[in-house]
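Number of protein chains: 2
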Amino acid sequence: MFSKTPPPPYIAVIFSSQITDQDTDGYILTADKMMELAAQQPGYLGVEAARDDDGFGITVSYWDDIAAIKAWKMVGEHQAAQAAGRSKWYKGYITRISEVTKDYSHGEIS
Amino acid sequence: MFSKTPPPPYIAVIFSSQITDQDTDGYILTADKMMELAAQQPGYLGVEAARDDDGFGITVSYWDDIAAIKAWKMVGEHQAAQAAGRSKWYKGYITRISEVTKDYSHGEIS
Numbered sequence: 670m671f672s673k674t675p676p677p678p679y680i681a682v683i684f685s686s687q688i689t690d691q692d693t694d695g696y697i698l699t700a701d702k703m704m705e706l707a708a709q710q711p712g713y714l715g716v717e718a719a720r721d722d723d724g725f726g727i728t729v730s731y732w733d734d735i736a737a738i739k740a741w742k743m744v745g746e747h748q749a750a751q752a753a754g755r756s757k758w759y760k761g762y763i764t765r766i767s768e769v770t771k772d773y774s775h776g777e778i779s
Numbered sequence: 670m671f672s673k674t675p676p677p678p679y680i681a682v683i684f685s686s687q688i689t690d691q692d693t694d695g696y697i698l699t700a701d702k703m704m705e706l707a708a709q710q711p712g713y714l715g716v717e718a719a720r721d722d723d724g725f726g727i728t729v730s731y732w733d734d735i736a737a738i739k740a741w742k743m744v745g746e747h748q749a750a751q752a753a754g755r756s757k758w759y760k761g762y763i764t765r766i767s768e769v770t771k772d773y774s775h776g777e778i779s
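Residue numbers (the working numbering), protein chains in the order written: chain L, 670 to 779; chain W, 670 to 779.
Please keep in mind that the hints were generated in silico from the structure rather than gathered at the bench.
Among the clues, some could well be false.
No copy is singled out in the list; a pair is fine if it fits within one copy or between any two copies.
Once the Cα atoms are required to be at most 30 Å apart in a straight line, the calculated DSSO-like pairs of lysine-lysine come out as [what the hints assert, rightly or not]:
(1) Lys757 x Lys771
(2) Lys673 x Lys742
(3) Lys702 x Lys739
(4) Lys760 x Lys739
(5) Lys757 x Lys673
(6) Lys771 x Lys739
(7) Lys771 x Lys673
(8) Lys739 x Lys757
(9) Lys742 x Lys771
(10) Lys702 x Lys742
(11) Lys760 x Lys771
(12) Lys739 x Lys673
(13) Lys757 x Lys742
(14) Lys760 x Lys702
(15) Lys760 x Lys742
Excised from the complex, chain L in its bound form (with noise of 0.2 Å):
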C-alpha cells in the first residue's frame, strides 16, 4: 500500500532484507506489531513495504526528521523486536538513511 507523504523534504529509512525460513509465523506477527507501533510514534508519516516469494523483501518508512528515527529506534519492544531480527530472522540486511528531496505520482495511489 502506498504513503500518502507530505511535500518533501522528509526522511525515508530503506530497509533492505533477506529472511531466513526460521520461525516465520513468529517474524509475521512481530513485522505487523512492529508497523503498529511505528506508527504511534512521533514523526511517523508512514511506511510502504514488498516482498518476493524467495523472502527479499524492501520496506521503506518515513519519517520528519532523523530525530524521530533515532527514538523509533530506542523503543524498548522495537530493541527486542531487531535483537529477534539479528538473531533468528534476517539472514542479512541493509539499512538505508535518507533525506526525500522530491517526489511525484501518476495514476490511484490510494
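Dock chain W against the given chain L, drawing on the hints supplied.
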C-alpha cells in the same frame, strides 16, 4: 538481491508501484530489459526490487548523483518504457528522489 553500494553519500530513487493485470509478460520483459539498460548508464550503482503477490512493489535504484538520474530518465528506450508503464502496466506509482546519508548492514548481504 542486495546492492553493494559505496559509502554514502549517494542517491536512491524509491519507486513504489501497483501493477495492473494487463500484459504482464510484456511488463516483465520490459522491466528486465530496463534493469540491464540502467546498469550500463554512467553513475549507476545498483538496484534492489521486491514485489508482493498482490502486485505492489518497491524498486530502489542507486546512483552517483542527480545528473546520472536525469540522464537515465531521458534515454530513449527508457522513455518508451515509462510511457507504456503509465498507459497500461501501472495502476499507480510514486517516485521519490532521496540522498542517502548513512547506511549499515548485518549478516549476509551478497
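Worksheet item: Taking 30 Å as the upper bound on the Cα-Cα distance, should Lys760 and Lys742 be classified as within, between, both, or neither?
Response: within (20 Å within a copy, 34 Å between copies)
Fill in: Same-copy or cross-copy closeness of Lys702 to Lys742 [CA-CA at most 30 Å]
within (15 Å within a copy, 38 Å between copies)
Fill in: Alpha-carbon proximity context of Lys760 and Lys739, limit 30 Å
within (24 Å within a copy, 35 Å between copies)
Worksheet item: Are the CA atoms of Lys742 and Lys771 at most 30 Å apart within a copy, between copies, both, or neither?
Response: both (25 Å within a copy, 15 Å between copies)
Worksheet item: How would you label the pair Lys757, Lys742 (within, between, both, or neither) given a Cα cut-off of 30 Å?
Response: Result: close within a single copy only, 19 Å intra versus 40 Å inter.
Worksheet item: Is it within a copy, between copies, both, or neither that the alpha carbon of Lys771 lies no farther than 30 Å from that of Lys739?
Response: both (23 Å within a copy, 13 Å between copies)
Worksheet item: For Lys739 vs Lys673, is the C-alpha pair at or below 30 Å within one copy, between two copies, both, or neither?
Response: Both. Shortest intra-copy (22 Å) and inter-copy (25 Å) distances satisfy the 30 Å Cα cut-off.
Practice prompt. If the cutoff is 30 Å on CA atoms, where do Lys673 and Lys742 land: within, between, both or neither? Let me know, please.
Written response: both (22 Å within a copy, 24 Å between copies)
Fill in: Same-copy or cross-copy closeness of Lys771 to Lys673 [CA-CA at most 30 Å]
both (14 Å within a copy, 24 Å between copies)
Worksheet item: Which holds for Lys760 with Lys771 at a C-alpha limit of 30 Å: within a copy, between copies, both or neither?
Response: between (33 Å within a copy, 21 Å between copies)
Worksheet item: Given identical chains, is Lys702 near Lys739, meaning Cα to Cα at most 30 Å, within a copy, between copies, both, or neither?
Response: Classified as within; 19 Å inside a copy, 39 Å across copies.
Discussion item. Cα distance capped at 30 Å. Does Lys739 pair with Lys757 within a copy, between copies, both, or neither?
Written reply: within (24 Å within a copy, 41 Å between copies)
The structure is consistent with each of the numbered hints, conforming to all of them.
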